[in-house]
Amino acid sequence: MAAQNKIVNNPNLKIAVGALLCEGCEVIGDVTIGARTIIHPKARIIAEAGPISIGEYNIIEELVTITNKSSTDANSGKVLIIGNNNVFEVGAYVEAVRIGDHNVIECKARVGSKVEISNGSIIGTGCVLNMSEQLPDNTVIYGEKCERRTQRERPPTQTLQIEFLTKILPNYHYLVKPNMQPRPTATTTAPAVKK
Amino acid sequence: MATFMSIDLIKYLCNCGKKCPICRMYLCKHCLKLRCIDCVQHEVDSPYCPSCLESMPVSEAKLKKNRCINCFDCPLCGHTLMTRATSQVSPNPDDPSKAVTRKMYYMACGFCRWSTRDVNLPDQNVATGNWPVMENPNAKRISNLLENYKLIAQVEKAERERKKYVKRRSHLYLQEKYNMSPAIVKRKGMASFSSLSLKEGDKTPDDLDQSETVSSFDPLPTEFFTKPAALDKITKLTHRFMLPEFQPDETSKLHPVRKHLLMRKSLRCSECEHNLSKADFNPNSIKFKIQLTALHWIPEVRIMTPSTFNLNKETVVTLTLSNPSVFNTTVTLSQIENETDTDYCTAKVELPKKEIVLASRDEASMHVYEESTATHDFKDDPKLIAFRKGNKVGFIVKVTPVVKDSDVKICFLLKHEFRNTTVAALQSESKEPEIVWLEHKVYLCLGTV
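First to last, the protein sequences are chains A and B.
Using the numbering used here, you'd call the opening residue of the first sequence number 9 and step up by one each time.
Using the numbering used here, you'd call the opening residue of the second sequence number 27 and step up by one each time.
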């Protein structure tokens, strides 16, 4: 119940219509969640040093922690913007400066607070990124030694999985009610959401 | 788990003179001797693919160069590649206005996300078995060389045989050499040589192209110095060694690696040639037809708890013995007389003088945890026996380290009853299995002074 109250009492939480935010998540601070984004229970989204804005069609799985830490002074107060079509797998820990579109952060991966992830990247299971860096597009980081390579195509979108989850999750979890109409820029998906 | 993990502490002496942990040893039931992994004969049962578990005879595996046809490894990280299906829309050949969706397959690595599309390999329309085989650029040369060496080996063998023969019947050999008597040519033993000598004319070991010595190399291209290094486009040494026949230097030239076959092997006693370990024929099965690992037959000694040792001071150490057999087993421990390996022991040890009876191993009661079942009919001296639990017994030895600044090492002779159930079953079914006394030298490393 405590976690549930945390969400209900959070006046700065904005959930777009069509997003699924399960109760039992911890959402603290100024957080915006875009349409069709799915957040599993037990995820933690903590806007500590600045707001967090999550785009559309993202999947955030259980035990994922997304924190706006803003380690350097230059960054403090900045918005942590997470783009569209990203997947955060179970137990991922993200403090990044910015995350673009179509990225996959695999299980138990750690993305440090000075890292900027652009588009189509995959941070492999258990990989740790601490350095201050900007990942180029379509980077794959994998293995024990965090080896890197560039892939030709970005990872496929998880539309089927999102569709499945939007059907199945409401059957087993209480959801937090959306309180924000989608922005006019996101009208392409809006009609489908309304039914 | 200590049996398999801390394998350096307790070792049994093998018949070949090596000290081995008991989990790596075998007991030959016919010569009743311990055999370690180095003194048994290893035999190849059948090669099989670890991914699709297809097994094949050795000759077929040799033809396939010991690689699986259908399974591939990722050339970057070595994981097994998965086949993925996609649907592709292509125009109908009969009616260009209509589109046909076809299933196309490509392979991708689930770990590093490498895929055959990364290197522009075209998708396949069947799921398995249609991937192009890359031709080894040196295949012709290699087969030429192989053929030649086979020929040379044959000639040499024939020559050796001939020498043997010449001593006895030189005239026969001469006749044959000049091909005078075809009847004799067909004689057994000489046939191989003579047929060879006839063929030799068309192909001699000499008509092979000499390999050329490379004396000069092209200088490094100037791009090497002028352009920034693109490390992500260049393969690493491990990637090149994975494909020794091509050794691609750019990531764009990588190709799926055919999966190496593994061997199912069986072990044989080197003396009596009886099987010690033989796996089930089917690679899917994890069962054994014959498994004579020493752990199943010989009481296992283990150290109960770590203790602290002081120089020239007696310390009480609890060791445990567990009985793998379904019979009560009597064990005696004694000092090793005429110890040859005097370097090993660094401590004096006082062993229990009485014999210890180990309770039988009862598979069913082992999984029921109940204190009341721990009562036994054994009359134990509490000074010697620390505890009993199931088939395990804890006994006390007194250790006095005598060498300064070294590990405390002791050794003793473990003598135990052994009921040879297999041999008894062969002789007669009613008779009780024969009791044999087996002796093993056990070496323990207890800790540091």
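Simulated from the structure, these hints should not be mistaken for lab results.
Keep in mind that a hint or two might mislead.
[Stated by the list, open to error] Listed next, the in silico DSS-like pairs over lysine-lysine satisfying Cα-Cα at most 30 Å (straight line):
| # | chain 1 | residue 1 | chain 2 | residue 2 |
| --- | --- | --- | --- | --- |
| 1 | A | Lys-122 | B | Lys-279 |
| 2 | A | Lys-153 | B | Lys-418 |
| 3 | B | Lys-418 | B | Lys-55 |
[Stated by the list, open to error] A short, non-exhaustive set of chain B residues, derived as facing chain A with CB atoms under 8 Å:
| # | residue |
| --- | --- |
| 4 | Leu-102 |
| 5 | Cys-103 |
| 6 | Arg-139 |
| 7 | Asp-144 |
| 8 | Glu-173 |
| 9 | Tyr-175 |
| 10 | Arg-188 |
| 11 | Tyr-191 |
[As the list claims (entries may be wrong)] The calculated label-pair distances, taken between Cβ atoms and stated as ranges, are:
| # | chain 1 | residue 1 | chain 2 | residue 2 | range |
| --- | --- | --- | --- | --- | --- |
| 12 | B | Pro-122 | A | Lys-175 | 22 to 30 Å |
| 13 | B | Ser-386 | A | Lys-50 | 35 to 43 Å |
| 14 | A | His-181 | B | Ser-32 | 43 to 51 Å |
| 15 | A | Lys-153 | B | Ala-412 | 19 to 27 Å |
| 16 | A | Cys-115 | B | Asn-170 | 50 to 58 Å |
Remember, predicted model here, so these are calculated numbers, not experimental data.
Heads up, the beta-carbon is just placed ideally off N, CA and C, and yes, glycines get one too.
Hint-by-hint comparison with the structure:
no., hint, verdict
1, A:Lys-122 <-> B:Lys-279, "violated (35 Å)"
2, A:Lys-153 <-> B:Lys-418, "violated (44 Å)"
3, B:Lys-418 <-> B:Lys-55, "holds (24 Å)"
4, Leu-102, "holds (7 Å)"
5, Cys-103, "holds (6 Å)"
6, Arg-139, "holds (5 Å)"
7, Asp-144, "holds (5 Å)"
8, Glu-173, "violated (41 Å)"
9, Tyr-175, "violated (41 Å)"
10, Arg-188, "violated (60 Å)"
11, Tyr-191, "violated (63 Å)"
12, B:Pro-122 <-> A:Lys-175: 22 to 30 Å, "violated (39 Å)"
13, B:Ser-386 <-> A:Lys-50: 35 to 43 Å, "violated (50 Å)"
14, A:His-181 <-> B:Ser-32: 43 to 51 Å, "holds (47 Å)"
15, A:Lys-153 <-> B:Ala-412: 19 to 27 Å, "violated (48 Å)"
16, A:Cys-115 <-> B:Asn-170: 50 to 58 Å, "holds (52 Å)"
In summary, the numbered hints that this structure violates are 1, 2, 8, 9, 10, 11, 12, 13 and 15.
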